[in-house]
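**Student:** Protein chains in written order, with the working numbering: chain A, 1 to 342; chain B, 1001 to 1327.
Rather than coming from a laboratory, the hints here were simulated on the basis of the structure.
Every value quoted in this text rests on a predicted model; they were computed, and no experiment measured them.
Do not rely on the hints blindly, as some may be mistaken.
[To be verified] Calculated lysine-lysine pairs in the DSSO-like style (CA-CA distance at most 30 Å, straight line): (1) A/K149 <-> B/K1159; (2) A/K145 <-> A/K231; (3) A/K178 <-> A/K148; (4) A/K178 <-> B/K1042; (5) A/K307 <-> A/K120; (6) A/K147 <-> B/K1159; (7) A/K145 <-> B/K1042; (8) A/K145 <-> B/K1159.
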Amino acid sequence: MTQSAGQNVRHLELGLSNEQAIDMYVTMVTARKFDERMLLLQRAGKINFHVSGVGQEVAQVAAAFALDRDNDYFLPYYRDYGLVLSVGMTVRDLLLSVFAKAEDPNSGGRQMPGHFGSKKLRIVTGSSPVTTQVPHAVGIALAAKMKKKPLVSFVTFGEGSSNQGDFHEGCNFAGVHKLPVIFMCENNQYAISVPVHKQLAGKVADRALGYGFPGLQVDGNDALEVFRVVKEARERAIAGEGPTLIEALMYRISPHSTSDNDLAYRTKEEVDLNRAKDGIPKYMQYLIDCGIWSEELEAELQANVRKVLDEATEYGDKAPFPTPESTLLHVYADDAEQGGRE
Amino acid sequence: MAVIEYIDAIRQAMKEEMERDEDVFVLGEDVGVKGGVFTTTKGLLEQFGELRALDTPLAESAIAGVAIGAAMYGMKPIAEMQYSDFMFPATNQIISEAAKIRYRSNNDWTCPLVIRAPIGGGIFGGLYHSQCPESVFFGTPGLKIVAPYRAYDAKGLLKAAVRDPDPVIYFENKKCYKLITGEVPDDDYIVPIGKANVLREGDDITVIGYSLPLHFVEQAAEELAGEGINTQILDLRTLQPLDKEGILEAVRKTGKVLIVHEDNKTGGVGAEVSAIIAEELLYELDAPIMRLCGPDVPAMPINPPGEKFFMLNKEKVKEAMRQLALY
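Take these sequences, add in the hints, and give me the full structure.
**Tutor:** Set out below in C-alpha cells:
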C-alpha cells in the first residue's frame, strides 16, 4: 500500500480487511447502478414502477458490513437495495422482483419491488404501511434474548417513519427489556414531498434519551463512520447492553418514486448541491488514496456491473409470471382445507 | 372429569402448552406479576418466569408487533389484549402484517401467533369495556378466528390455536369467565379449528350462534321443549373459517334458522352465515332466515337499563325462537 502511515488505514483500524473494504465499495456501486437501470427501465416502459434509494447506498452497505451477515436479522425498508445486496440478495433476485416473476424470492411476484424478504438470508418480509417492521425487529430481538442466541436484529426506516406510533412503541419496548436491536433511521430529508423541518421539531437521534438508550447522528455519506457506529452498537447489543438508535444523515437524490415529480417541491440547485456530497465517489477516492483501488479497477467494475445488470434484466424479463391460479395459494398453511381456495 | 370455570380452562390451556413447548410464552399488560386483570394468567409467572409471562408497556401495537416478530423467528407467542376494545391500535399489525405474512412472502415466512382478547358486555363496562369486535377482523383472509362458549372448547380451542401454524384470534367472553362451567379433561386434547359443534338436537327450529348468547339459547331451548318446541343448537366455535357443512347440515334438519350474536347486526358474522344458507338452501327453508343481534349503535351504555336493553338474554332469544317455530 502507498498511503502515508496512519492516515489512510482507517478501515484496517476498524477491523475491515482490504478485501472487505473493496467489497463494500463494489456493493454500493452495484446498488447505485441497479437503481439507475431501474429508472431507465421504467422510463422505457419495461416496468411500471421503481422506488429509488440513490444517495442512501453508502450508509446501507456500510451498516450491513458491520453486522454478522451470517446470523443477524435484517428488517429493511423499501429503499434498502444496498442493504439487501450486502446480505446475500442478488441482482437477479431484485430483477425478478422488479418484473414480478414467479421465481422472485421476495414474494413470488406478489409484492411491489422494494418489499424485501428471504428467510434463508434472514431478511424479514416487509409491507407498505411504514414502520410496522420496527416492533417486528424488537420481537426478533426478544426471541434472541429468550433463546440466548448471540444475534442482533437490525431495522431501518426513514425519518418520516420515525413519527409513527410503531417507532415509539417498538423503541420503548426494546429499551425496557434491553433487547439486542439496532434502529437505524435513514434520514434522507424528505417524506415524499414533506421536508424534514415540517416533520421533525427536533432530532430523531435525541428521542433515544426518552427510551433509555444511546442515540447518535452519523454522516450517512461517510462509509467508515457508519461502519464504526453500527459495529459499536452491535457490540453493545451482544454484550446485553441493549438497543442503539442511529440517525444516518443523507439526502434522497432521486425523486420519491417514478411517479413523483420532485421539482414541484424542491429545486434543482438543492439536489445538485447534495449530489456533490455523494458518499460513493468519496469512498472510492479513499480506496484510491489507500492504494487498493485504481481507474483500471474502476473501469473493470463498471463493465462487470453492467454485464451483471444486463444478464439479470434479461433473465427477469424472460422469466415466467406466476400462474393466475397461484393467486389462491398460501393464505394458510393448508389452503385447501382452510379456505385459501375452494 | 373435573367441572371447572371457563376462565380456568383458558388458564389451564396456556399452562399446559407452556409446559409442553418452551417456545410458547404469554405477553401483555399485567399478565405477569398481577396474573392478568381477570386472573387469566395467574401463576404463569411463578411457574415459567418473567420472560415467559411478560409484562409489557401499555402499547397494543407493540404487543402485537413484537409478538409477530417473535413468531416469525419461530416462537409461539400468545399476545393478550386486555380488552378487545383496546386492540384497535394493533389492528394494522394484525391485518396488514400477521394476516399477510405467509401470503406476501409466498409461503417463505410464517406467523404462528395467538392473540387473546376478551369480548362482550353485561359487566357494566360501558362503551369501551364491552365491545364485540369480531366483524372488524372477520373476512380478513389469513386470519383464523375462534370464539368458544363451553369451558371444554375454551381449553381445546386455545391449545389448537397455539399449535396452529397461522395467526389465530381467540375471542374469549369475559361474562363467560365465571358464569360458564363445564367438564374439562385434565389430559391433553384439542378442539379442531374450523369445526362447529351441535349443542342440542331438535327438529323444529335451528339456532346458530357463538359465545355467551348460546347460554341464553340453551336455557330458552330447555323451556321451549316444555312447550313442544324442539331446538337444534349449533355452536360455531370457529368464526373463520366458518364450518359451512356444519351450518348447512344444522339448517337442513329443521328448515327454520335463527342466528344469534351479541356483535351488532349489520355486517356481523350472522350476515355471512345467512348468506351461506341463502346461497345453498333457499328452497329448503320453511321460514325467512332470522337474526337476533346487538343493535346497530356504537357500543352499549353503562347505565343498567341501557345495558340490559342492548344485551341479549333468555327472554329475548326465547321469544325469537318461539316466533320462528310458529312461522
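**Student:** Is the straight-line distance between the alpha-carbon of A/K178 and that of B/K1042 30 Å or less?
**Tutor:** Holds. A/K178 to B/K1042 sits at ~25 Å (cutoff 30 Å).
**Student:** Are A/K149 and B/K1159 close enough, with their CA atoms no more than 30 Å apart?
**Tutor:** 27 Å, holds
**Student:** Would the pair A/K145 and B/K1042 pass a check requiring their Cα atoms to be no farther apart than 30 Å?
**Tutor:** Distance of about 24 Å is within 30 Å: holds.
**Student:** Hint check: A/K147 vs B/K1159, CA-CA at most 30 Å. Holds or violated?
**Tutor:** Answer holds: A/K147 to B/K1159 is near 22 Å, not above 30 Å.
**Student:** Is the straight-line distance between the alpha-carbon of A/K145 and that of B/K1159 30 Å or less?
**Tutor:** Measuring from Cα to Cα gives roughly 25 Å; hence the hint holds.
**Student:** Under the criterion that the straight-line Cα-Cα distance not exceed 30 Å, is the pair A/K145, A/K231 satisfied?
**Tutor:** 19 Å, holds
**Student:** For a C-alpha distance cap of 30 Å, please report whether A/K307 and A/K120 respect it.
**Tutor:** Since the Cα atoms of A/K307 and A/K120 sit roughly 26 Å apart, the hinted pair holds (cutoff 30 Å).
**Student:** Does A/K148 sit within 30 Å of A/K178, going by the straight-line distance between their CA atoms?
**Tutor:** 13 Å, holds
Comparing the model with each earlier hint shows no violations; every hint is respected.
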